[in-house]
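Undergrad: Here is what each chain is made of, one letter per residue.
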Amino acid sequence: MAVLKIEGLDKRYHEADKYAVKDISFSVQEGEILALVGESGSGKTTLLRLIAGLEHPDAGYIELSGDKIVEGHYSLRPNKRKIGLVFQDYALFPHLNILDNVKFGISGPKAERIQKAKEAIALVGLNESDQKYPHQLSGGQQQRVALARAIAPNPKILLMDEPFSNLDAMLKDQVREEIRQIIKKSGVTAIFVTHDTRDALSTADRIAILHRGYLQQIDHPRSLYDTPINPYVANFFGKVNEILAEPVEDGFFTTFGLIKDTRATEFTGKVRIIFRPENADVCPNPQQKLIGNLLKVAYFGDHQMVKIADGKGQFINIKTNNKRLFNGSEYLCFSVDQYEIHPI
Amino acid sequence: MKIEKRKIYWWNSWSWTSIAILLLVSIPLLTIVFNLFTKPGESWSHLYKNLLAGYFLETFLLLLGVAFFTFVLGVGTAWIVTNFNFPGRKYFEWLLILPLSFPGYIMAYTYVGVLDFTGPLQSFLRNTLQISLDGGALDIMNMPGAIFILSITLFPYVFLISRASFLQQSRTYQEAAAILGKDRWQTFFKVALPLARPAIAGGVALACMEVLNDYGVVKYFGVNTFTTGIFRAWFSLGDATSAIYLAAILLVFVFIILYLESWQRGGKRYSSEVTINRPLLRVDTSLPIKLTFSLIMTVIFLVSFGIPFLQILNWTSMTYEAILSSDFVYLVLRSFGLALISGVVIVIVSIILLYTLRLNPFYKLKYIVKISTLGYAIPGAVIAVGIMIPFLWLDKWLIGLFESRTQLFFTGTLFVMTYAYVVRFLAVGYNPIESGFQKVGIQVNEAGRLLGAGSLKTLWKVDLPLIKSSMISAVLLVFVDVLKELPLTLILRPFNFHTLATKAFDLATNEMIAESANAALVIILTGIFPIIFLNRLIRKREF
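Residue numbers (the numbering used here), protein chains in the order written: chain H, 1 to 344; chain G, 1001 to 1543.
Each hint should be verified, as a subset may be incorrect.
Stated by the list, open to error - With a straight-line Cα cutoff of 27 Å, these simulated DSSO-like cross-link-like pairs (lysine-lysine) come out:
hint	chain 1	residue 1	chain 2	residue 2
1	G	K1290	G	K1370
2	H	K118	G	K1461
3	H	K22	G	K1366
4	H	K132	G	K1370
5	H	K18	H	K5
6	H	K82	G	K1457
7	G	K1461	H	K80
8	G	K1366	H	K156
9	H	K118	G	K1457
10	G	K1457	H	K110
11	H	K110	G	K1370
12	H	K68	H	K22
13	H	K156	G	K1457
14	H	K323	H	K307
15	G	K1366	H	K18
16	H	K185	H	K118
17	H	K319	H	K239
18	H	K116	G	K1457
19	H	K307	H	K270
20	H	K82	G	K1461
21	G	K1468	H	K132
22	H	K116	G	K1461
23	H	K132	G	K1457
24	H	K132	H	K116
25	H	K172	H	K239
26	G	K1461	H	K132
27	G	K1457	H	K68
28	G	K1366	H	K80
29	H	K239	H	K307
30	H	K132	H	K118
31	H	K185	H	K156
32	H	K307	H	K296
33	H	K156	H	K110
34	G	K1366	G	K1290
35	H	K80	G	K1457
36	H	K80	H	K185
Since the hints were made in silico from the structure, they are not lab data.
Model the full assembly from the supplied sequences, consistent with the hints where possible.
TA: Structural data, given as structure tokens:
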């Protein structure tokens, strides 16, 4: 069942400005962890704030557990939404101790509230520190308190704004896994915002890519990596090659030669072919003989990167094994794995 | 789950309360503007023919003189204090702010007393040095005297602001200028002064606003400005419409100064691009120069605070036995009570306005709310007239409604006075609360609301505990300003009602200067406390 459903969301901060988010639609299933990924200014934090009710959209609606919480000029106030949010800087209340921070959002009789707060604190593994104040904790501990505070009232959905950005690289891998475990253990549906694709790939069940306010693609990590719908998405997860081609009867005709592909008949006009460096190799393949001019070889220890030119201004990079030796300049024969190319 | 959707997202009880507050606060201004379209009173032609040119000229001269001297005194002392080491430097940093605790009118009659034929200076010259001055030699009850008095009481504004600005300038700029071959004086004129210009102009503008607001000094010294004109039209000629016309012209002066101030800032950036903000390095100069600096500072301090303060102490010691009675205690309590109530109301109003902005990410609202703080730029006499007229009208209507009563409901009540103080001093309390909220940040509030607490509960449990110190300083600053306030109080006070300020002014203008010193001393001493507090706030920004 979809916990959250978003349809046609637009938001501009000032009338003269560009859209911060434009025509965003997607839904999140129960128990799922969704990552919103994009560069700074892509609208990912705005989207999070719209869901939380801290901003109001210009158009579109948001549905939470089947109820429309935002539509037109109407909006359910943030305090009625039952949404948990972990702020980037945690926003712990500096004047309250850890127990009171976590207790803040829980309703019910006092004993019950304390009980629930202690459970949440135990879930994040900070039982020893519940009488301390936020400034007495390390950054990672503060984050776990913020997480406990957001989860404790049993929110319908948990939002996290750049949860890993304040952690140093050494801690990051460990914290990513811890947080994923905590979220999965509590069973809460979660959306987190990040600019780091590694966070998204390793933590999320699905990933939504935003670029300049538009949703580019939303899918499982593997599908995004393997079948990106456009060069931007493809580039997001590492280097890609992009070459122009013309569809002919039995494949795509490029300046490097013909790439055989039966899908070519589905296309007309100029086509862009996208493939990753690891999906091509210099070992000649009898099926496909592409030829280019060797420009540069970069040695990386466990592999080599070969740059090949077509002589007409297009380049591609190919990842190859570390054993092969190349001499200065030569014509090079290479092939592309035809199941790994993406004509767009 | 039933959801409550009948709401335009920014329209809630906070926004309509804020709009109501904004309307109430802008009543005096609106009154003045609307009444401009009515026919002027019968004395207007007399005013226009005989007095208006004089009001213009004297107001303008006074502004020009005070602007010049506050600039020289304020910037000069700030530069010396921030750039050089000399004996007593640390003390002068706050001693030079003390004149702010002296209301201009108290400074005025204190100096008249100091320079009087029977005063300490002439007595000393006559009795010890056998020098006798002829009558007019030390007469300061004229235009230059008014410029002198207002300059020494107002220069600390410029001193404070330019000192803060100099302190914020990174040492890197100094070093860059030095490496490029500029000496210290060239650096001052070519780098430090231009960088501090917007701040300094802000300080001078503030001093000019105070000049336009002043009634006590110009009245006592017989200088005819627009403020005295308003009083004369209102009290002597009984012509409310002419008072409004004069108030409107005075407003034009205010807006010109406000405009010039924002225009000079232009679109330029003056904030530091240098991220490592090392504090200025103070220079050790030769001993004679150091001592000269100490001497200059001592003289400025003595003239602007030390001598008049000693005079006040002296008068108080002479008269306190006669003055200190239960009446005086009541006077003090009454003034304190009024000032405290105004401070608390202003803090509450500021919190409502600022919290509305915090809750509603609706950017146009920010500019509308800013209007409410305009009152601080508007002279007290203008606000008083702008408030008096609608309330007189309201009273007339109410008397018509209940024919049996002939008493005025509002006019001349403490309610109207407090209302006027709120309009006039809202900015004084608003600014510390605003920076308090800014320091706390919006996120804790958002966190509170997302955790299910309503806006009021979040305010109470999260925001207010975190801005407690800002609230205290806001009350304190308003308290002192209300205590000093004269022109507005003189117009709006209930019959025979006195505050410390009006009592001191009343006694002084009735040739009981020595007796007036008791009330003056209370005002000055209460004023000193927050000044030291204010100075600590600025010092904290140093590093």
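Undergrad: K319 (chain H) and K239 (chain H): Cα distance at most 27 Å?
TA: holds, 10 Å
Undergrad: Keeping to a limit of 27 Å between CA atoms, is the pair of K18 (chain H) and K5 (chain H) held or broken?
TA: Roughly 24 Å between the alpha carbons, so the hint for K18 (chain H) and K5 (chain H) holds.
Undergrad: For the pair we were handed, K172 (chain H) and K239 (chain H), check the Cα-Cα distance against 27 Å.
TA: It holds: about 23 Å lies between the C-alpha atoms, which stays within 27 Å.
Undergrad: Please work out if K82 (chain H) and K1461 (chain G) have their alpha carbons no farther apart than 27 Å.
TA: Distance of about 19 Å is within 27 Å: holds.
Undergrad: Measure nothing beyond the straight line between the CA atoms of K80 (chain H) and K1457 (chain G); if it is 27 Å or shorter, mark the hint as holding.
TA: Holds, because 13 Å separates the two Cα atoms, which is no more than 27 Å.
Undergrad: Just to be careful, I want the Cα atoms of K185 (chain H) and K118 (chain H) compared with a cutoff of 27 Å; is the pair within it?
TA: Holds: K185 (chain H) and K118 (chain H) sit about 16 Å apart, inside 27 Å.
Undergrad: Would you check the hint for K116 (chain H) and K1457 (chain G), treating anything up to 27 Å between C-alpha atoms as holding?
TA: This hinted pair holds, its Cα atoms lying about 21 Å apart.
Undergrad: Does the alpha-carbon distance linking K68 (chain H) and K22 (chain H) stay inside the 27 Å limit?
TA: Holds, at about 19 Å.
Undergrad: Do the alpha carbons of K1290 (chain G) and K1370 (chain G) lie within 27 Å of each other, as the hint requires?
TA: Distance of about 45 Å is beyond 27 Å: violated.
Undergrad: Is it true that the CA of K1457 (chain G) sits at most 27 Å from the CA of K110 (chain H)?
TA: holds, 17 Å
Undergrad: Sort out whether K132 (chain H) lies within 27 Å of K1461 (chain G), counting only the CA atoms.
TA: holds, 19 Å
Undergrad: Tell me if the straight-line CA distance from K1457 (chain G) to K68 (chain H) falls inside 27 Å.
TA: Measuring from Cα to Cα gives roughly 25 Å; hence the hint holds.
Against the hints set out earlier in the document, violations occur for numbers 1, 4, 8, 11 and 34.
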